[in-house]
Amino acid sequence: MEIKKELNGSALTVQVIGRLDAGSAPELTKFLNAELDGITELTFDFAELQYIASAGLRVLLVAQKRMNKQGSMKLVHVNETVMEVLEMTGFAGLMTIE
Amino acid sequence: MEKITVEATVENLQQVVDFAMEKLEARDCPMKASMQLELVIEEIFVNIASYAYESATGDATFCVDFAENPDTVFLTFIDDGKYYNPLEKPDPDITLAADERAIGGLGIFLVKKNVDEISYERKDDKNILRMKKFF
Chain A
1 MEIKKELNGS
11 ALTVQVIGRL
21 DAGSAPELTK
31 FLNAELDGIT
41 ELTFDFAELQ
51 YIASAGLRVL
61 LVAQKRMNKQ
71 GSMKLVHVNE
81 TVMEVLEMTG
91 FAGLMTIE
Chain B
1 MEKITVEATV
11 ENLQQVVDFA
21 MEKLEARDCP
31 MKASMQLELV
41 IEEIFVNIAS
51 YAYESATGDA
61 TFCVDFAENP
71 DTVFLTFIDD
81 GKYYNPLEKP
91 DPDITLAADE
101 RAIGGLGIFL
111 VKKNVDEISY
121 ERKDDKNILR
131 MKKFF
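Protein sequence lines, in the order shown, are assigned to chains A and B.
Using our numbering, you'd call the opening residue of the first sequence number 1 and step up by one each time.
Using our numbering, you'd call the opening residue of the second sequence number 1 and step up by one each time.
Calculated from the structure, these hints are not laboratory results.
Some hints could be false.
As a list, the in silico DSSO-like pairs of lysine-lysine whose alpha-carbon atoms are at most 30 Å apart [as the list claims (entries may be wrong)]:
1. B:Lys133 with B:Lys123
2. B:Lys113 with A:Lys65
3. B:Lys112 with A:Lys65
4. B:Lys32 with B:Lys123
5. B:Lys89 with A:Lys65
6. A:Lys4 with B:Lys32
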């Protein structure tokens, strides 16, 4: 997994590239813990995210809970495989996906 | 039937996934089913790596077998860890809002959603989880 970020004032876009699984999820958690202070708009760009497992879903849920308190969060460019997992787990209904 | 035994650590996940994908590819398993099976294997293997042996480590054995008409794959995971039946876990309530959702419990739920049959057996101090999926 590779993480790229783009910061515009208090809007942060995080591009997650590759696989968000049990091996890589801790790295994204660490990244978000370090970057989310003061952020009011969080966007995950999943254009190049090929695979997500429950460990990745947990990171998204923690981020969503945090952003509910300090602003908003959305997912963009979600591919079909990842979308299917989000739908199966009800995440598609509780997150903003564009 | 073909099998692989590795130390149950997250670092060895890819080895098990690669083993399974190679067999599935040889059977012309469609991409979509392969991706679903990859997710199933990850969730179960990571569970074993995380819970079966507590602070110690131990082995996990993964077996894969096939049947035809209809095309079916049988996956079996065996470990010598403490009793752990993932099927006893209640399914998460997927209709709750983010703030009410629990962080855990999604892995085994995804497994159940992506296979056609799943069963657990405790035998000779081993956890045996068998799954079947049509493809």
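Hint-by-hint comparison with the structure:
1. At most 30 Å may separate the alpha-carbon atoms for a hinted pair to count; Lys133 (chain B) and Lys123 (chain B) meet this at roughly 23 Å.
2. Straight-line distance between C-alpha atoms of Lys113 (chain B) and Lys65 (chain A) comes to about 25 Å, which keeps the hinted pair within the 30 Å bound.
3. At roughly 26 Å between alpha-carbon atoms, Lys112 (chain B) and Lys65 (chain A) fall within 30 Å of each other, so this suggested pair holds.
4. The suggested pairing of Lys32 (chain B) with Lys123 (chain B) is violated, with an alpha-carbon distance near 33 Å, which exceeds 30 Å.
5. This hinted pair checks out: Lys89 (chain B) and Lys65 (chain A) have alpha carbons roughly 24 Å apart, not beyond 30 Å.
6. With a C-alpha separation of about 28 Å, the suggested pairing of Lys4 (chain A) with Lys32 (chain B) holds against the 30 Å cut-off.
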